[in-house]
Structures are given as C-alpha cells and as structure tokens.
Amino acid sequence: MLRFFLFFLAIQIVLFVVSVTSIAQNLVIVPFTELIAAISAWLIMLFDVDVVSEGVVIRDYGHGFAVAIQAGCNGVEAVIVLVAAILAFPSPWKYKLGGIFLGSIAVQALNLIRIITLFYLGQWNMKVFEWAHLYIWQALIMLDVLIFFLVWLRYLPKDKSKFAFNE
Amino acid sequence: MNNRPVLYFFLRVLVWLPITFSIWYYFSIIFTWPIAFAVDGSLPNLFSPVVAEIRQNGYQLTVIGRVYSSSGSVGLLRFDVNTLLYSNCLPLYTALVLASPGGEGQKWLRWLIGLVLLWLVATLSVSLEIMKHFLAEIPGAREILNFPSWAVNGLILSDLYGNLLLPALAPLVIWIALNLDYIKQLAPGLRKEDSC
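Protein chains in written order, with the numbering used here: chain A, 565 to 731; chain B, 588 to 783.
Pulled out of the complex, with its shape left as it was, chain B reads as follows:
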C-alpha cells in the first residue's frame, strides 16, 4: 500500500492525459458530431428569424445567419465556432476516470455518464456563444428576436461563464460526484468508521 495516494493518483492522471488528449483530438470530428446535431436541431428552430443553419465542418461549426438591413433586405452571414474550446474537458475527465480504481464495467459506466453530461455542457456553451454573437454583435438581431436588454446582458454573462468556467469545472464536479467512495479512500478523515 502506498502512503501517498493523492500523489500516485495525480501521477496516474498525468500519464493518461497525453493519451486521452491525443485520442480526443484525433477523433474530434466524432466527438463534435453530437454537439453539432443538438445545436443544429435546436437553435435554427428556436431563433429561425436570425439563425438559418448550423453545419459541422470538421471540429468547427459553421453558423449561417440572416441579417436585415434598414431597408428590409435580407443578407446572409457566416462565422465559425471552434467546438474543441468547449469539449476539451473530455480528455481530463477520461484521464480522471482511467486513473481511478474500479472494474472495467464500472469505469465504462462512469465514463459514459460523464460523456453525456460533458456533451450537454459543451452544447450549452456553444449555443450561448452562437447566440451571444447574434444578439450582442449583429445590429438588429435583438429587435427581431424581441430580446429585452436585460436578457441580452444575462446571455453575455452566461456566455462568459460558459467560456471561462463551465467546461473546465464540469469534469471535476462529475468526477467527484461519481467517485465519492474513492475520495473517502484518498481522504480517510471523511470515512464514517474512522471517527467511531
């Protein structure tokens, strides 16, 4: 038995990280597909006056939107969103799962649960980024969608959170929630029986 379990866990994660990052990047088109599917299935339906279509282009999403001139004519605009910025939590989560103890089936289950949750997080963050682009940067979009200014401010704040914190935070929260027994092993003071 080692007497430095946190250190050994940390070293195991460090060993797995280059492998998980390489696999994630190599298969990034596959990992991006559910995000593209969810975003294209929701935003053009919810905000059809401005969001025309969202296409997957490798690991990028190409967003096609409508812009309206003051004379009423409609033009199209196009911009790309890098989905890797929002799904880069996946390699860290995978490394954490692989470095934790447990049977193969248990690890697969934890990984799949985390995968689904991290895809939801990435989809939310990407959606916020796209809508911030329309509502805060494209003149007229806010009026067409009838968004009050407080809602736009809330969306900008949520987008900041979705950019800076949420994707980085999500793998830690999910890993802690699914590995409480292991955390009690790492921190013996948390175990009930030790204090009896």
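Only chain A is shown next, with the shape it has when bound in the complex:
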C-alpha cells in the first residue's frame, strides 16, 4: 500500500509540474481548454443560439454574460489525479490504458456539465455561481475521480500477486 501511495504522489506531482510549464501550457493545456470551451459552447448552442466561444471564453451575446475557463476549471488536475492513481496501481498495461482513456472521458464529461451549469448559474445569481464554482463542483469532480477509480479496481483481473493493497 505504501508503495502505491508513494508512486501515486510522485507521479501526480511530476504530471502537475509538467502541466504548468510554459511549453505544456502553450502546446497542450491552452489548446485543450479552448477545445473544452468550444465543445461547451456547441452543446449550449443546441438550445441557446446566442452563445459562442472565443478562445477560453464562452459568451452569451443576448445577455452579455461571459465565463472564462481558467486553470482548475478545465478538468486537467482531476485527470492528473486519476492518471496517477491508475499508473501507480500495479495492474496490466491494457487495463491501465483503458482506465486512463475511459476515466478521462468520465471526468471531462462531468466537467462539461459543470461548465454549462456554471454558465447558467452565473446569469441567474452570482452568489450561487461562486458557491457552486469554488466549493460544490470541485468536490463533485473529485468524487467522480474516486468513483471511477473504484469501478476500475472492481474490473481488474483477480490476481493477488499484482495488487498493492494486499502488501
């Protein structure tokens, strides 16, 4: 178990440090955040035609309201935690890669819901927006990470020699 935790902490710190370097920000994080903003705007436009995305900003031309997706709101940190947990846990690579792929989708799908709900909460009531943004959604995203990790553990093959929690 100690080995799992040490690997987990080391991997997520390395991934986090890499993610905040200017190279990673320019090549991966900012384009990815713009993609998240574009997908969010596209989903909102299915029922609200006044909405567009401009870079990392989602804007409603009808009301003049806009939100910018910043670090911490693009789901990257939650994906880093999940990837670190899956990589640190002794398991076959096939399961690791499948878990990382499906887990990233699960986190980003919930993150899209978070962005869309915050976009409308902000137009309705800024206090509720702040509360949901700073406190509630952060907990829900991390709960999503934990639940996906538990489900992933549940689908691992039964082989005691490979698993960290039996040590």
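Computed footprint of chain A on chain B, listed as stretches where at least three residues anywhere in the stretch have a Cβ under 8 Å from a Cβ of chain A:
{"no.": "1", "segment": "671-679"}
{"no.": "2", "segment": "746-757"}
{"no.": "3", "segment": "766-775"}
Straight-line distance between alpha carbons at most 25 Å, and here's what the computed BS3-like set of lysine-lysine pairs gives:
{"no.": "4", "chain 1": "A", "residue 1": "K658", "chain 2": "B", "residue 2": "K771"}
{"no.": "5", "chain 1": "A", "residue 1": "K660", "chain 2": "B", "residue 2": "K771"}
{"no.": "6", "chain 1": "B", "residue 1": "K771", "chain 2": "B", "residue 2": "K694"}
{"no.": "7", "chain 1": "A", "residue 1": "K722", "chain 2": "A", "residue 2": "K660"}
{"no.": "8", "chain 1": "A", "residue 1": "K722", "chain 2": "A", "residue 2": "K658"}
{"no.": "9", "chain 1": "B", "residue 1": "K771", "chain 2": "A", "residue 2": "K722"}
By construction, these hints were calculated from the structure, which means they are not laboratory data. Heads up, the beta-carbon is just placed ideally off N, CA and C, and yes, glycines get one too.
Got chain A; can you put chain B on it based on the hints?
Only chain B this time, still in chain A's reference frame:
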C-alpha cells in the same frame, strides 16, 4: 446484498454531501479557527520583517504586512485570504466517511484523523498563498527576507499545487488510506482469499 456496491456508495455520498456542505459552511468560523491559530502562530514569527499579524475575520484571514519604500520608511498593507477555498475538502471527506460502513466509534475516529490532516493541508495551502502574495507581488519583500529567486519560483509552484490540487486530493488519499478493508469489499479482485 446489493450487487452494485460502488453505485450505492456513490449514492450515499451524494445524499450526505448537501448536509455536510451546509454544516461546514454554517460552522465555517469554527473550522477556520485552527487554521488562523496555526498561521498566526507561525508566519509572523518566521517572517517577522514582512508579516506583522494575521487575524481571523469570519471565515477569512486578514493579513497585515509591512512594506518598505526605497527611502526606508515602513508602511502597512492588508489583504484577505478566503480559507474556505482550502478547507472545502472537509465536507467531501465527511460525506465519504459517513457513507462508508463501520461502527459509530470507528467513523468518529476516522473523521477526527481526517479532520486533523485536512486542517494541516489547509494550513499549509493558506500559508503558501500568503507567502506567495508577499514574495511574488510585493516589491522588496524577497530582498528583505533574503529569498533567492529559485526559492520564490518553488514557492509559486507549491502555491499553485496547494491551490489547484492538494486540498481536492487530500480527502481522497486520506479516505483510501483509512478504508482499505472497505475498498477490498468494493473491488473483490483485491482480496487475497478470492484468488486462492
């Protein structure tokens, strides 16, 4: 016996979350007090040339600092830090503990251990935020405290980690560490006897 233990666990956490968030926010002044106590007891002593005093103001900490002009005169500056940003891991952790099986005493023990650890995490994150404010944003503070530039860069990076990841990550790590037996129930493949 249910055959979807993870789903039922998830639903139990979702039921507890609004309750734990409400209690945490209602009693936020009480939950903030140990953070204020620890930060005020440490930073003004460790960095006395720039950090004068830290006061609890509801769930905010009001930091009073010293700034020095080039002529040598000293002024005071004041800014607030929202401690809820760093202690919002507590409601999630509490919901996880309440949703997990175990006797009342066992749950209280796990919750208290988690509470202490999460307070330490919040204190560290708040301290990093305050020191980043001084060292990276207030001219002259770095020279007065004699911080090399690499140490300031390290502090800014640590503050980012303490802002974006640490408070969110801590409740999951603590809950997993204290609930290994339950995790083995949720994921039967992890149990030794199943593979014999």
